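Participant: For reference, the chains in residue letters:
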Amino acid sequence: MRLLRRLQTLFRLGRVDAELHEEMEFHRAMKKRELERSGLSEKDVTGAVARAMGNMTGAREEARGVWLPGWAESLFQDSVYAVRNLRRQPGFAVVAIGTLAAAIGLNTSVFTVFAAAALRPWAVREPGRVVSVYSFATHVPQGANNAMGFSIAESRFLDSNSKSCDGLVATRHSYVRFGSDKTGRPSNAMIVTGNYFRVLGVGMERGREFMREEDLAPVPQPVTILSYPAWQNRLGGDPEIVGKQIRLDDVPFTVVGVASRDFTGTASLRADAWIPFASLRLLRPLDGSVPDLLEKPDYCCSAVAARLRPGVTRAQARTELELLSRRFHMEHSLEPDAILLTDTAMVSHPGSKGKITVMFSLMFAGVFLVLLLACANVGNLLIARAAARQREIATRLSIGASRRRIIRQLLTESLVLATAAGLLGVGIAYILPPYVLARAMDQPPNLRFEPDMYVMAFSVALSAVASVLFGLAPALHATRVSVAGAMKEQPFGSRLRLRSVLLGAQVALSVILLVAAGLMMRGVQHASERNPGFEVNNISVISFELPANSYNPGRIRTLLSGLQDALGNAPNLHPYGLARTAPFANGHWWTSFRLRGEDATRERLIETQEVAGDYFGVLGVPIVSGQGFEPSDARRGAVLVNETMARQYLGDEHALGRTVILGKEAREVVGIVKDTYATGLDSIEPLIYAPVSGREMPRLLLRSSSAGAVDSATAIAKRLDPRIQVRAEPLAAQLERHLSPARTASALAAMLGLLALTLASVGMSGVFAYVVRQRTREIGIRMALGAAPSQILGLVLGTCSRPVLVGLAVGVLMSGAVSRIIHSFLYGLSGFDPVTYGAVCLVLSAAAITASWLPARRAMRVEPVEALRYE
Amino acid sequence: MLVLRILARGRAHGYGIAQHIKSVSEDVLQVGESSLYPALQRLLLNGWVKAEWGASENNRRARFYSLTPAGRKQLVTEREEFQRIIVAIQKVLENA
Numbered sequence: 051m052r053l054l055r056r057l058q059t060l061f062r063l064g065r066v067d068a069e070l071h072e073e074m075e076f077h078r079a080m081k082k083r084e085l086e087r088s089g090l091s092e093k094d095v096t097g098a099v100a101r102a103m104g105n106m107t108g109a110r111e112e113a114r115g116v117w118l119p120g121w122a123e124s125l126f127q128d129s130v131y132a133v134r135n136l137r138r139q140p141g142f143a144v145v146a147i148g149t150l151a152a153a154i155g156l157n158t159s160v161f162t163v164f165a166a167a168a169l170r171p172w173a174v175r176e177p178g179r180v181v182s183v184y185s186f187a188t189h190v191p192q193g194a195n196n197a198m199g200f201s202i203a204e205s206r207f208l209d210s211n212s213k214s215c216d217g218l219v220a221t222r223h224s225y226v227r228f229g230s231d232k233t234g235r236p237s238n239a240m241i242v243t244g245n246y247f248r249v250l251g252v253g254m255e256r257g258r259e260f261m262r263e264e265d266l267a268p269v270p271q272p273v274t275i276l277s278y279p280a281w282q283n284r285l286g287g288d289p290e291i292v293g294k295q296i297r298l299d300d301v302p303f304t305v306v307g308v309a310s311r312d313f314t315g316t317a318s319l320r321a322d323a324w325i326p327f328a329s330l331r332l333l334r335p336l337d338g339s340v341p342d343l344l345e346k347p348d349y350c351c352s353a354v355a356a357r358l359r360p361g362v363t364r365a366q367a368r369t370e371l372e373l374l375s376r377r378f379h380m381e382h383s384l385e386p387d388a389i390l391l392t393d394t395a396m397v398s399h400p401g402s403k404g405k406i407t408v409m410f411s412l413m414f415a416g417v418f419l420v421l422l423l424a425c426a427n428v429g430n431l432l433i434a435r436a437a438a439r440q441r442e443i444a445t446r447l448s449i450g451a452s453r454r455r456i457i458r459q460l461l462t463e464s465l466v467l468a469t470a471a472g473l474l475g476v477g478i479a480y481i482l483p484p485y486v487l488a489r490a491m492d493q494p495p496n497l498r499f500e501p502d503m504y505v506m507a508f509s510v511a512l513s514a515v516a517s518v519l520f521g522l523a524p525a526l527h528a529t530r531v532s533v534a535g536a537m538k539e540q541p542f543g544s545r546l547r548l549r550s551v552l553l554g555a556q557v558a559l560s561v562i563l564l565v566a567a568g569l570m571m572r573g574v575q576h577a578s579e580r581n582p583g584f585e586v587n588n589i590s591v592i593s594f595e596l597p598a599n600s601y602n603p604g605r606i607r608t609l610l611s612g613l614q615d616a617l618g619n620a621p622n623l624h625p626y627g628l629a630r631t632a633p634f635a636n637g638h639w640w641t642s643f644r645l646r647g648e649d650a651t652r653e654r655l656i657e658t659q660e661v662a663g664d665y666f667g668v669l670g671v672p673i674v675s676g677q678g679f680e681p682s683d684a685r686r687g688a689v690l691v692n693e694t695m696a697r698q699y700l701g702d703e704h705a706l707g708r709t710v711i712l713g714k715e716a717r718e719v720v721g722i723v724k725d726t727y728a729t730g731l732d733s734i735e736p737l738i739y740a741p742v743s744g745r746e747m748p749r750l751l752l753r754s755s756s757a758g759a760v761d762s763a764t765a766i767a768k769r770l771d772p773r774i775q776v777r778a779e780p781l782a783a784q785l786e787r788h789l790s791p792a793r794t795a796s797a798l799a800a801m802l803g804l805l806a807l808t809l810a811s812v813g814m815s816g817v818f819a820y821v822v823r824q825r826t827r828e829i830g831i832r833m834a835l836g837a838a839p840s841q842i843l844g845l846v847l848g849t850c851s852r853p854v855l856v857g858l859a860v861g862v863l864m865s866g867a868v869s870r871i872i873h874s875f876l877y878g879l880s881g882f883d884p885v886t887y888g889a890v891c892l893v894l895s896a897a898a899i900t901a902s903w904l905p906a907r908r909a910m911r912v913e914p915v916e917a918l919r920y921e
Numbered sequence: 041m042l043v044l045r046i047l048a049r050g051r052a053h054g055y056g057i058a059q060h061i062k063s064v065s066e067d068v069l070q071v072g073e074s075s076l077y078p079a080l081q082r083l084l085l086n087g088w089v090k091a092e093w094g095a096s097e098n099n100r101r102a103r104f105y106s107l108t109p110a111g112r113k114q115l116v117t118e119r120e121e122f123q124r125i126i127v128a129i130q131k132v133l134e135n136a
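Respectively, the protein sequence lines represent chains A and B. Residues 51 to 921 in my numbering are what the first sequence lists, from first letter to last. Residues 41 to 136 in my numbering are what the second sequence lists, from first letter to last.
With the rest of the complex left out, here is chain A:
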């Protein structure tokens, strides 16, 4: 109520003042009349009235201060004054605000992504009580990501026995195709336990949640819940959708609900539809792994989340779940696991935590450097402006303004600039991240970008910090004037020194950013030019998508042998190879591995590739010793290893003929294959080649030079089963995709670098112009005394180049340190790549020379007479 009245009054503060004035005038008049009546002379009356009234202006200000404290009023006045000042110099305002807005926008953008990935929980009821649950194998294997999910059986056991949780849910990702859609990317389906929506507390836009009996094994129900976007985009937002049938992978499912608008699932990809686990039997009737998934106690790994009872801490819940898990594992004679609970933000996943932290720190560091640069630039502009305002400031100082008061006013101006830039920056942060991510990834991650409280607070804090960063030093400087000197317009040596320091810092910062960007770009280039150790350009990768509901591993094997027979009879398709994952694919398979004689605790995860046909022949990868696969090897259980594997684990030349335990099976090493970069261009990892198992359909690799090869392979597949979808693409495209995240990253880094370069150039030319302007008289005298233009040029360039050179040197040194941090993004390129450093120094020197060109020319053209008359 008080606040409301206060606000009401604030809007008419001017009138309040006038009213007070009038009121007190009236008081004065009455007093005067009273005194006049008491018979004093006119002269005495005036004095007496003044004495009686006291300091009327002070009283009025105090009365007004009741409504608006003095500091707030002067802040308001200063802001108004600053805005007026800025409007008088629109050029300066645009440059300063634009520079800052770009920098703040970049920072806020990175923070928006960070907030979405790290701070924002799922869009569920009381998200603070929802936790992700992981199991940790305590015995095996070393390396790789050890945090795993649970079997469905175990998650159901935990759900029904836990007293510390209001429920546990399990989810699993699968691809489905909507309706008769045969082309394009399949949609993301999340297979969930029946209590998923109830336990998480997801609101429903339409219809209802799953019911308990819909996820009970004996009577599967074909029911599904759609996500809001899928409902809108795939089904046109049909208002009568609930109760209707849609086809998922050609199986009819009844839509029972649509999830609330902002709930896009709990996985790293956005969910389009949810299906109960039990309904998998209907969706994949022939898939032999479905019963195992639903029933086997050790069928890894479904993601599990839990809702804690109110008042239960994570530690308590963890202890209880671990005890329950032990019991479950004991009952089914499994090794015990440890349990870990985390919050549900995307980065909290124990497997991705380290990597994402590094990524974000680098991004924050990069954009923060840009912010510093921008601040240095605007700071420099402000110094130049303060030089122009010397007279104003000196005047105000001389008529009694305190230095603090003027600094406060100058800082208010900075704050106005920063606030405007901050507002623009939030706008940039609203647009930029979704745009960049949509371009950089082929599937948008499950992140919600909202300029929420966190983002706003960050942007406000950043603007405030920035305004102090760029405003304080100039403000301190501008007010450190000798009043008399300023009136006479004398130049200030120390101001130039501050500007030189700022300039050097700018150069150093942009060197760091440019070197980082350059190294990353060179790294990608290095990787794409690297000989991967096999043929890339002449290979087609053909993938087959089988109708999921009519193939099980047995049928896949039948199809495979049919395919291989047909391929064998087609001479134009020779040689051909089959592989579970194509080279450079982003999918990787690991198998636990140990030597015969080692016990299970020594197991480690080794990347595994399954091949058939003449895989090595097609790619031109030589077998160094031993032999390739024979058709009979599939039964005999032979494997090949790459050279690195042989060297690291199998004692090199003794590798041939050794027996290794893969998973639980003993295999014999029959050959050693030359190392290649097929699993990733950054490094060569130990790799085991096994014969194709037929658990899933492998990809076909063909030489694309033989005409019509892809067509005839497609025809062969269609002949075997017309429902098979065939997709062919060159291996080079796969390589491109493999490199595209790195390319995007380096493009972003290059963007930052370019921005830094621009800022530095602008900064340099500003300072150089200032130097020349300041020394015009000196130059004029020198020229009058007979100095040649080239000497003048040398003088100007000499003054200008020192901060640039110092900045370059410092920047190069600091870049050396930075390059160690980004080492892992460089694909084996040295962090001290001379080409990058050379190019950056060259570019910056060129920028410096360009920036000094105009001022230097002006200096050379100074007319001695005019220069002396200047002022």
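Keep in mind the hints are simulated off the structure, nothing from the lab. Computed from a predicted model, the values in this text were never measured in an experiment. For every residue, glycine included, the Cβ atom is placed at its ideal position computed from N, Cα and C. A few of these clues could be false.
[What the hints assert, rightly or not] Computed spacing ranges between beta-carbons, pair by pair:
#	chain 1	residue 1	chain 2	residue 2	range
1	A	V515	B	L42	44 to 52 Å
2	A	W121	B	R51	28 to 36 Å
3	B	M41	A	Q366	55 to 63 Å
4	A	A415	B	L85	48 to 56 Å
5	B	L42	A	G141	58 to 66 Å
6	A	R458	B	R82	23 to 31 Å
7	A	S88	B	R51	51 to 59 Å
8	A	G141	B	N86	46 to 54 Å
9	B	S65	A	S88	18 to 26 Å
10	B	W93	A	E111	15 to 23 Å
[Said to hold, decoys possible] Simulated crosslink set (BS3-like; lysine-lysine; CA at most 27 Å straight-line):
#	chain 1	residue 1	chain 2	residue 2
11	B	K113	B	K90
12	A	K81	B	K62
13	A	K714	A	K346
14	A	K81	B	K90
15	B	K90	B	K131
16	A	K93	B	K62
17	A	K213	A	K93
18	B	K90	B	K62
19	B	K62	A	K82
20	A	K81	A	K93
21	A	K82	A	K93
Starting from the known structure of chain A, arrange chain B on it as the hints suggest.
Facilitator: Leaving out everything else, chain B in the frame of chain A:
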């Protein structure tokens, strides 16, 4: 409190309030303008008085203040509180 008490008798302008306090207290209490007007603004801010413009006794434009119901309640509370303290002080003075 004094201002509230004066206004409880009816509306008055600033000068009137000052005069009243002076005359009722027989010149013991003199309210200076430097404290009267800020005090009136504070009362306005708290919503205990309201102000309106009107003609004064000599037909000049003057701002008249009058008590609001909230102001009346405040006066009662403040008076009770003040009474309590006065009584307490007197007790101490007489009995100590």
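Participant: For each hint, tell me whether it holds in the structure or not.
Facilitator: For each hint, the structure was consulted:
For the pair V515(A) and L42(B), the beta carbons lie near 50 Å from each other, so the given range of 44 to 52 Å is met. For the pair W121(A) and R51(B), the supplied restraint of 28 to 36 Å holds, since their beta-carbon distance comes to about 35 Å. A C-beta distance of roughly 58 Å is found between M41(B) and Q366(A), which places it inside the suggested range of 55 to 63 Å. The hinted range of 48 to 56 Å is satisfied by A415(A) and L85(B), whose Cβ atoms lie roughly 50 Å apart.
Checked against the hint of 58 to 66 Å, the C-beta distance between L42(B) and G141(A) comes to roughly 60 Å, which is consistent with it. Taking the beta carbon of each, R458(A) and R82(B) are about 27 Å apart, inside 23 to 31 Å as hinted. A beta carbon spacing of about 27 Å between S88(A) and R51(B) contradicts the range 51 to 59 Å that was offered as a hint. For the pair G141(A) and N86(B), the beta carbons lie near 49 Å from each other, so the given range of 46 to 54 Å is met.
Range check, S65(B) to S88(A): Cβ separation about 19 Å, and the 18 to 26 Å hint holds. For the pair W93(B) and E111(A), the supplied restraint of 15 to 23 Å holds, since their beta-carbon distance comes to about 22 Å. For the suggested pair K113(B) and K90(B), the alpha carbons sit about 14 Å apart, so the restraint of at most 27 Å is met. Of the supplied pair hints, the one linking K81(A) and K62(B) holds, its CA atoms being roughly 13 Å apart against a limit of 27 Å.
With a C-alpha separation of about 17 Å, the suggested pairing of K714(A) with K346(A) holds against the 27 Å cut-off. As the CA atoms of K81(A) and K90(B) are separated by approximately 24 Å, the hinted pair is consistent with the 27 Å bound. Straight-line distance between C-alpha atoms of K90(B) and K131(B) comes to about 38 Å, which puts the hinted pair past the 27 Å bound. Under the criterion of a C-alpha separation no larger than 27 Å, the hint pairing K93(A) with K62(B) is consistent with the structure, at around 25 Å.
Between K213(A) and K93(A), the direct Cα distance comes to roughly 93 Å. Violation of the 27 Å bound is thereby established for this hinted pair. With a C-alpha separation of about 22 Å, the suggested pairing of K90(B) with K62(B) holds against the 27 Å cut-off. Among the hinted pairs, K62(B) with K82(A) is consistent with the structure: their alpha-carbon atoms are about 16 Å apart, no more than 27 Å. A hinted pair counts as satisfied when its Cα atoms are at most 27 Å apart, and K81(A) with K93(A) qualifies at roughly 15 Å.
Taking the CA atoms of K82(A) and K93(A), the gap is near 11 Å; set against the 27 Å cutoff, the hint holds.
Consistency with the previously given hints fails for numbers 7, 15, 17, ordered from lowest to highest.
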